[in-house]
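First to last, the sequence lines map onto chains A and B.
The numbering used here numbers the first residue of the first sequence as 1 and each following residue consecutively.
The numbering used here numbers the first residue of the second sequence as 1 and each following residue consecutively.
These aren't lab readings, by the way, just hints derived from the structure by calculation.
Keep in mind it's a predicted model, so treat the numbers as computed, not measured.
Here a beta-carbon is modelled for each residue, glycine too, at the ideal position from N, C-alpha and C.
Treat the hints with caution; some may be incorrect.
[Unchecked claim] The calculated DSS-like cross-link candidates involving lysine-lysine, where the alpha carbons are at most 27 Å apart (straight line), are:
1. A:Lys49 to B:Lys71
2. B:Lys57 to A:Lys49
3. B:Lys57 to B:Lys14
4. B:Lys14 to A:Lys96
[To be verified] Short, incomplete list of chain B residues facing chain A, as computed with Cβ under 7 Å:
5. Met41
6. Gly42
7. Leu43
8. Leu45
9. Ala50
10. Gly53
11. Pro61
12. Tyr64
13. Gln105
14. Ala109
15. Gly110
16. Leu113
[What the hints assert, rightly or not] Cβ pair distances, simulated, as ranges:
17. A:Gln58 to B:Ser80: 46 to 54 Å
18. A:Thr12 to B:Lys71: 38 to 46 Å
19. B:Pro39 to A:His82: 19 to 27 Å
20. B:Arg112 to A:Thr109: 37 to 45 Å
Spelled out from the first residue to the last, the chains are:
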Amino acid sequence: AQSVTQPDIHITVSEGASLELRCNYSYGATPYLFWYVQSPGQGLQLLLKYFSGDTLVQGIKGFEAEFKRSQSSFNLRKPSVHWSDAAEYFCAVARKSNDYKLSFGAGTTVTVRA
Amino acid sequence: NAGVTQTPKFQVLKTGQSMTLQCAQDMNHNSMYWYRQDPGMGLRLIYYSASEGTTDKGEVPNGYNVSRLNKREFSLRLESAAPSQTSVYFCASIESGGPLAKNIQYFGAGTRLSVL
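The following block holds chain A by itself, in its conformation from the complex:
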């Protein structure tokens, strides 16, 4: 079974400050890794993904994530947060051999203060 842990339930960050959201997964092989963002009352939007290759991946809205195999982590970062980044962020993993079923972390809610 694969599981995903997002250690931080809620993070508050000042506008313009940097942001890092943590994600750890437990699975023997390297799964497909994703970060999704959900604004209040909305569906999920894909921020970025990692399948293979370069371990630093760039996504939309200025986000990036780094896959670290040795730490089983896929942390999401943004150098300078905007008020519009206030949302809930989900890390997820999938495997091709498991019909791409996604296992999600519990989510991290980001609050941005002026």
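Go by the hints and put chain B onto chain A.
Relative to chain A, chain B alone:
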């Protein structure tokens, strides 16, 4: 581009009532999924369909049934709704088996269901 369309967007049921949540995708995707989202628990897979004509249970299938009507449509049915099924339901689809870069799940906007 419609993508993944879910209906209805909101629904209130009384305990014991039945209803069907509809999902349709226009991207010619093979696989479709139903998830539920509850506070502090992320999204959990209810059922999925790897291809037209097949369905399989996910993590939390009890109390639900599904139908893959055709390649486009994948419905979720609650036969006798319970308060524990109050949740936000998301449908998703993916073009599995295609080039690596396309193996991404696309989500609908969700159905917010309250069971009283």
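Now the hints, each set against the structure:
1. A:Lys49 to B:Lys71: holds (26 Å)
2. B:Lys57 to A:Lys49: holds (25 Å)
3. B:Lys57 to B:Lys14: holds (25 Å)
4. B:Lys14 to A:Lys96: violated (39 Å)
5. Met41: Result: holds, 6 Å to nearest chain A Cβ.
6. Gly42: Result: holds, 4 Å to nearest chain A Cβ.
7. Leu43: Where the cut-off is 7 Å and the nearest Cβ of chain A is about 5 Å from B:Leu43, the hint holds.
8. Leu45: It holds, given that the least Cβ distance between B:Leu45 and chain A is near 6 Å, below 7 Å.
9. Ala50: With Cβ-Cβ at 5 Å, under 7 Å, it holds.
10. Gly53: Violated, about 14 Å.
11. Pro61: violated (13 Å)
12. Tyr64: The hint is violated - B:Tyr64 has no Cβ within 7 Å of chain A, the shortest such distance being about 16 Å.
13. Gln105: For B:Gln105, the interface hint holds, since the closest Cβ of chain A sits about 6 Å away, which is under 7 Å.
14. Ala109: holds (4 Å)
15. Gly110: holds (5 Å)
16. Leu113: violated (14 Å)
17. A:Gln58 to B:Ser80: 46 to 54 Å: holds (47 Å)
18. A:Thr12 to B:Lys71: 38 to 46 Å: Distance hint for A:Thr12, B:Lys71 holds at roughly 44 Å.
19. B:Pro39 to A:His82: 19 to 27 Å: Holds - the Cβ-Cβ distance for B:Pro39 and A:His82, about 25 Å, lies within 19 to 27 Å.
20. B:Arg112 to A:Thr109: 37 to 45 Å: For A:Thr109 against B:Arg112, whose Cβ atoms are near 18 Å apart, the range 37 to 45 Å is violated.
This entry does not satisfy hints 4, 10, 11, 12, 16 and 20, going by the numbered hints stated previously.
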